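Protein chains: 2
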Amino acid sequence: MQLHSFFNSSTSQRVRIALGLKGLAYDTLPVNIRVGEHRAADYVANVNPSATVPALVDGDFKLGQSLAILDYLDQRYPEPRLIPLEPHLRARVLELALLVSCDIHPVNNLRMLRYLETELKATPQQKAAWYRHWVGEGMAGVERMLARSATGPWCFGAQPTLADVCLVPQIGNALRMDCDLSAYARSLAVYEHASQHPAFVAAQPQRQPDYIA
Amino acid sequence: MQLHSFFNSSTSQRVRIALGLKGLAYDTLPVNIRVGEHRAADYVANVNPSATVPALVDGDFKLGQSLAILDYLDQRYPEPRLIPLEPHLRARVLELALLVSCDIHPVNNLRMLRYLETELKATPQQKAAWYRHWVGEGMAGVERMLARSATGPWCFGAQPTLADVCLVPQIGNALRMDCDLSAYARSLAVYEHASQHPAFVAAQPQRQPDYIA
Chain A
1 MQLHSFFNSS TSQRVRIALG LKGLAYDTLP VNIRVGEHRA ADYVANVNPS ATVPALVDGD
61 FKLGQSLAIL DYLDQRYPEP RLIPLEPHLR ARVLELALLV SCDIHPVNNL RMLRYLETEL
121 KATPQQKAAW YRHWVGEGMA GVERMLARSA TGPWCFGAQP TLADVCLVPQ IGNALRMDCD
181 LSAYARSLAV YEHASQHPAF VAAQPQRQPD YIA
Chain B
1 MQLHSFFNSS TSQRVRIALG LKGLAYDTLP VNIRVGEHRA ADYVANVNPS ATVPALVDGD
61 FKLGQSLAIL DYLDQRYPEP RLIPLEPHLR ARVLELALLV SCDIHPVNNL RMLRYLETEL
121 KATPQQKAAW YRHWVGEGMA GVERMLARSA TGPWCFGAQP TLADVCLVPQ IGNALRMDCD
181 LSAYARSLAV YEHASQHPAF VAAQPQRQPD YIA
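Here the protein sequences line up with chains A and B, keeping their order. Position one of the first sequence corresponds to residue 1 (the UniProt record's numbering), numbered consecutively onward. Position one of the second sequence corresponds to residue 1 (the UniProt record's numbering), numbered consecutively onward.
It should be emphasised that the hints constitute simulated quantities derived from the structure, not laboratory data. Quick caveat, the model's predicted, so the values are computed rather than measured. All the pointers check out, no bait thrown in.
You can't tell identical chains apart in this list, so a pair holds if it fits in one copy or across any two.
20 Å max Cα-Cα, derived EDC-like pairs, lysine to aspartate or glutamate:
1. K62 to E86
2. K62 to E143
3. K127 to D180
4. K62 to E37
5. K62 to D42
6. K127 to E117
7. K62 to D27
Bound-form chain A, shown alone (with noise of 0.2 Å):
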């Protein structure tokens, strides 16, 4: 397999890290999303009508968003399996993936913070309150949904699943942006221990081979 990646995009990570928990071999195709490589006619036309990162090559077929290619993975490669079967068990996991996945992630990447500078002349300080505001809100929501849950740990108990595969690299990208967590103690509980995990280290940005320091 191949994926399209760029090193700190956090929805490229979520799949280096579902790769890696399946133990599947992949190449890295980098995609520069600062240069708007992305959004290249022949990457947009043949690989990701998406114009995003990241995008999955698994022979003839391609496929992008994150999340689509989080749920093709685990289909096709259930071992071990990162969405449960189990219809509460998935709803909770599903219930958080997705409040990263749709509340935090798509708010705070890097086409909106350009936005708003460039069109809306946001000040560094306005660009990092937006950032801080929308994790603040969101991590609230995780971490409400981690007290009522109550396992460890990983999001849901003794093993990775879906939620985490999203929440770390949330995670560490508020980290990078300089954010006060220290309200979120089980989110970094979790962050703390994915971090000794060798799947989660090996897709971390900075071991990435596209990485930019």
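We have chain A; now place chain B onto it with these hints.
Here is chain B on its own, set in the frame of chain A:
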């Protein structure tokens, strides 16, 4: 079942459509997000830690995040199935649904527009430009996906799927916001087709008990 819902929340509308397609009766519990009812302490603590709409109540089980709810309903009440089981079709359906749900909706919802106005002092023109920009970016991707699969009358063939459940409310939303969608003919054709289907019609904002003219 009961659905905590707001009449013109497109995430609530997704769930209303799915309940209708599956022929499941439910009571609407209105949550007026314009006046912050989704942030009420009791709702957040006891119903939906995401502090959003919708939230489904199925017996003792309460669940937030519309896509988690839609997956749950599809698992528990699989007829008619909205998320196909065949891996490649399933992946395409999820890819389109997630493009709408992650790349279009979250950046254009009420809380975004309010933040732009109150914190960044965006003018009505700037808010409208923001909305149209992200709709345009996302709808171009949707249209490319539909061109690639080239089916109809629904996004992926003869039956509605999760892709339609997500796309149709988003298009309705964009039309209410006076976006020019004429470049997205395939998407509009799906929307027009859906507008004749009883489950899609019944889920429309103006038909909800909490509708505000």
